[in-house]
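Chemist: Residue-level listing of the chains:
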Amino acid sequence: MAATEGNTLLKQATGPNIRGLLRVIILVLIAGAAVSSRLFSVIRFESIIHEFDPWFNFRATKYLVQNGFYSFWDWFDDRTWHPLGRVTGGTLYPGLMVTSGVIYHVLRFLTFPVDIRNICVLLAPGFSGLTALATYLLTNEMVTSPSAGLLAAAFMGITPGYISRSVAGSYDNEAIAIFLLVFTFFLWIKAVKNGSMFWGALTALFYGYMVSAWGGYVFITNLLPLHAFVLICMGRYSPRLYVSYTSWYALGTLASMQIPFVGFLPIRSSEHMSSLGVFGLIQLVAFVDYVRAQLPSKQFQTLLRALVLFIFVVAFGGLVLLTVSGVIAPWTGRFYSLWDTGYAKIHIPIIASVSEHQPTAWPAFFFDLSMMIWLFPAGVYMCFRKLTDEQVFIVIYSVLASYFAGVMVRLMLTLTPIVCVASAMAFSQILDTYLDAKTPVPDSKESGTSDTAKVAAAVVVPEGLRSTRSPLVGIYSWASKLTVVGASIVYLMLFVLHCTWVTSNAYSSPSVVLASRLPDGSQHIIDDYREAYYWLRQNTPDNAKIMSWWDYGYQIGGMADRPTLVDNNTWNNTHIATVGKAMSSREEVSYPIMRQHEVDYVLVVFGGLLGYSGDDINKFLWMVRIAEGIWPEEVKERNFFTPRGEYRVDEEATPTMKNSLMYKMSYYNYDKLFPAGQAQDRVRGARLPAQGPELSTIEEAFTSENWIIRIYKVKDLDNFGRDHQSALTFDKGHKKKKPAKRRGARVLRVE
Amino acid sequence: MRWLQLLTASLLPLTALAAKKSSGDRFNDFRAKSSSGPLTLDDPAYAQLTKAPRDYSVVVLLTAMGARFGCQLCQEFQPEWDLLARSWSRGDKKGESRLIYGTLDFEAGKNTFQSLMLQTAPVVLYFHPTVGPNAKADNQPERLDFTGGPQSAEQVHAWISRKLPADAPKPAVHRPINWIKIISVTTAVLGLITFVAVASPYVVPILQNRNLWAALSLLGVLLFTSGHMFNHIRKTPYVSGDGKGGINYFAGGFSNQFGLESQIVAAIYGVLSFATISLALKVPRIKDSRAQQFAVFLWSGVLLCMYSFLLSVFRMKNGGYQFWLPPF
Chain A
1 MAATEGNTLL
11 KQATGPNIRG
21 LLRVIILVLI
31 AGAAVSSRLF
41 SVIRFESIIH
51 EFDPWFNFRA
61 TKYLVQNGFY
71 SFWDWFDDRT
81 WHPLGRVTGG
91 TLYPGLMVTS
101 GVIYHVLRFL
111 TFPVDIRNIC
121 VLLAPGFSGL
131 TALATYLLTN
141 EMVTSPSAGL
151 LAAAFMGITP
161 GYISRSVAGS
171 YDNEAIAIFL
181 LVFTFFLWIK
191 AVKNGSMFWG
201 ALTALFYGYM
211 VSAWGGYVFI
221 TNLLPLHAFV
231 LICMGRYSPR
241 LYVSYTSWYA
251 LGTLASMQIP
261 FVGFLPIRSS
271 EHMSSLGVFG
281 LIQLVAFVDY
291 VRAQLPSKQF
301 QTLLRALVLF
311 IFVVAFGGLV
321 LLTVSGVIAP
331 WTGRFYSLWD
341 TGYAKIHIPI
351 IASVSEHQPT
361 AWPAFFFDLS
371 MMIWLFPAGV
381 YMCFRKLTDE
391 QVFIVIYSVL
401 ASYFAGVMVR
411 LMLTLTPIVC
421 VASAMAFSQI
431 LDTYLDAKTP
441 VPDSKESGTS
451 DTAKVAAAVV
461 VPEGLRSTRS
471 PLVGIYSWAS
481 KLTVVGASIV
491 YLMLFVLHCT
501 WVTSNAYSSP
511 SVVLASRLPD
521 GSQHIIDDYR
531 EAYYWLRQNT
541 PDNAKIMSWW
551 DYGYQIGGMA
561 DRPTLVDNNT
571 WNNTHIATVG
581 KAMSSREEVS
591 YPIMRQHEVD
601 YVLVVFGGLL
611 GYSGDDINKF
621 LWMVRIAEGI
631 WPEEVKERNF
641 FTPRGEYRVD
651 EEATPTMKNS
661 LMYKMSYYNY
671 DKLFPAGQAQ
681 DRVRGARLPA
691 QGPELSTIEE
701 AFTSENWIIR
711 IYKVKDLDNF
721 GRDHQSALTF
731 DKGHKKKKPA
741 KRRGARVLRV
751 E
Chain B
1 MRWLQLLTAS
11 LLPLTALAAK
21 KSSGDRFNDF
31 RAKSSSGPLT
41 LDDPAYAQLT
51 KAPRDYSVVV
61 LLTAMGARFG
71 CQLCQEFQPE
81 WDLLARSWSR
91 GDKKGESRLI
101 YGTLDFEAGK
111 NTFQSLMLQT
121 APVVLYFHPT
131 VGPNAKADNQ
141 PERLDFTGGP
151 QSAEQVHAWI
161 SRKLPADAPK
171 PAVHRPINWI
181 KIISVTTAVL
191 GLITFVAVAS
201 PYVVPILQNR
211 NLWAALSLLG
221 VLLFTSGHMF
231 NHIRKTPYVS
241 GDGKGGINYF
251 AGGFSNQFGL
261 ESQIVAAIYG
271 VLSFATISLA
281 LKVPRIKDSR
291 AQQFAVFLWS
301 GVLLCMYSFL
311 LSVFRMKNGG
321 YQFWLPPF
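Those protein sequences? They're chains A and B, same order as listed. When we follow this note's numbering, the leftmost residue of the first sequence carries the number 1, and every step to the right adds one. When we follow this note's numbering, the leftmost residue of the second sequence carries the number 1, and every step to the right adds one.
For reference, chain A alone in the conformation it holds in the complex (with noise of 0.2 Å):
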């Protein structure tokens, strides 16, 4: 352990071993720490695959478990995204299904009889674990003290702000994305200071791994170089540096060139960019410096210098020729829109419309990291003391992703281990002066010499920070010792109870099985998608086309097995499109639409009853507003307000609201329920028409316990050729209206 030398301060009371063995003890406690508190939601419900996107994920797996890594990679999906299907193992990060059938098969040859899906959800618990020791790993390359990496591997492994993305059963990509993110950077820390070939080709192969597993691998890429790019502005550019990054660059670039989905994006699109732009510039500095040390003449050094910035410029100039030219790709939408704010909006309401994608407010910063938040400002400041190469990645990371975080929600895990890293710098300088007490130091001279390596870094270092300017003496009282300990105590406790009820209230939830509190206190388990997507799977046949918002895509997929039109790997804006010009449309328009993709049955998720609001309804601009986008003549956006510019669903609303499919599903016999003209919409507090909707096209073929899942089935083309609407008059018992075909004269009734 190469923190142990630093510490000189515990000496005399334990020796190196013991030391070393309490170390692994608590990071082994951390590391269970970690695991059981994001056991909340397998204890509390079961063992399932939460929300939407685990559940693709789950069903990779089990393709790959069954059909071997070779057909897995070659795998075309058919029963998505019908009719067009998905070349699923080109367009996927194969990085986490890859895992979990690994460790499956080894669970297996060590004759352990495990379940996929047991694997699947235990999946992140079990990683959040490996990413506190990863914590501790890094946080140790920055401070010398042994404290601070034990800190924040304890913040790692409890913070909400990770806990979000890695409870069991969120088996997502984030899942393993963050343990590898933050070991690859120790990893690229461990390159520089060593300067070494090895610890480079360590960093490539861990990126490599990351590529396969999350596209926020862009992070990265663009972190390492802005480090190297940054250290060579201040003038600390070393052979060191050099190594490290052309081998984590040359490496790292073709390890990720294997992924399928990333293939030649590493050299075509702009946000690989930055890295090949630095790693030409390092070989232009690595010349200069090489050509200075061999040549003193003070001209040459010019002109070479003018040289250098010739080449850059030339350089630059053909990267921008390039990308205006269209041989690189210009950034992708989403990458886009974290520097310019409003374009989303405007361009892709598609990323708009995911929750995930929307700014952070300040409560769900204190929210996700409680006390680190005002801890955090302070680590980075102590950086600056020393400001070693290692700090000033501290520094850059911390900027950089305190921006992103701020821009988008789903960043703030990508801020979370920075935090955790430099908050637990800050708590361990405090706890490291003022638990000083342990060792009995007269007053004021002792603790002054204790602590000889810093006050010699004080000296050292003369332009260092105006707060550390002085020498540093130590704490005299005891007072002052008790108190500031005894606040630190109570603080971090807090900051578990934080932690803690944060975890259990908010992120435990599976959002396929929902809980509520009956009136006695006792819990009450609403399972309603579950009981829908086992109707369709025992009640429809094998290959029934279902229609829905593009949420429920993956679970259609994963939980009732059946083929959908949309889900939620949005890459055809078009057909989402048209599934939400059908639901937006009149039935006379969207009955032909619904023919047209094979659609056997339209499902559509309705809170109305239970005041559930992440229901359709609420959902419902959003698909006007994407169809809008392909079809504005067909669609308006204007037509579903009222004159005076209100969202509304009850009498007032407009009638290309009251027509549309998506109304008229959710609200078919919603009235008998109620008392005649009694019908009440929870969610949006609104009485609805005394008269509800009538369906002519569809007809309802399953509506689940609470209502929150409504299943349509389409009907077929009528017997005799008429038209669905006429056909449902004749069968009310209405007269049929006569076309007009007016015989005689008219004449004047008079009674």
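Certain hints may be false.
[Unchecked claim] Where chain A lies over chain B, by a calculated footprint (3+ residues, C-beta under 8 Å): (1) 40 to 49; (2) 83 to 93; (3) 191 to 203; (4) 230 to 244; (5) 259 to 271; (6) 311 to 320.
Simulated from the structure, these hints should not be mistaken for laboratory data. Every residue, glycine too, gets a C-beta built ideally from N, C-alpha and C.
Got chain A; can you put chain B on it based on the hints?
Modeler: Only chain B this time, still in chain A's reference frame:
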């Protein structure tokens, strides 16, 4: 009475003929007037232009450019509109698209605004031809609202193109090269390079100052973690009244905030961080033991009060939150 009806009937084709003749003239008249840019209309001209039997289409911008209306959107859109009309008339010299651009300002066309019952400006109206090959029976103009914020010339061009028949020419928007911008940018870049070259001996030491960079990065971190980007993207109000003449400093709801609120929170974070830095770095460097004792108590007290205040604010935002610290 019967002969009167007959007479009227016999006159009808004549009137139609007359109308058609004059309307053809009307199109050419208006086109001649609008050779460069949109027609500037007033009430009579507007009525004349959009009179019922017409074999051409009209697109009119209803705007309020007067300074006293303070219509930001109108001011922004006007150059785009002129550009669109100009490039259209330039690209369609023979008038084959049979489309006339017009602008009606509120000052000149109060009656029109009233008769259309317009509450907002700007609005673009599109009138289909009522006679001729592309006629539509419905005489109601189509309306383009600016609900989605300012529109560019290209967006309006796309909207108009959708209304026109498919075979009509639709000259693309032609933006003139902005020489002034190019020249000013070049000058600025050259000036900047010169400035850097001349001032570098003085600027470089400042740039290399560690305290400066520390301050900048801390400022950035505090700004972003207190939700500044949320204000920027959502354009939240700075503060709002509580309905009783006072001010609401904190917005209700977990995912909602005011501009001032995020600044208050940033200040709280700043104070807390500063107290931490003082406790960790400054206090152990105080030589006098009594002063040190005082500093420890002071900063611990500040830390406790501020953290407690932060928790109380957070309880306000998140009703179910149950943790607290003594003072607040």
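Chemist: Of all the hints given earlier, name the ones this structure violates by number, lowest first.
Modeler: Numbers 1, 2, 3, in rising order.
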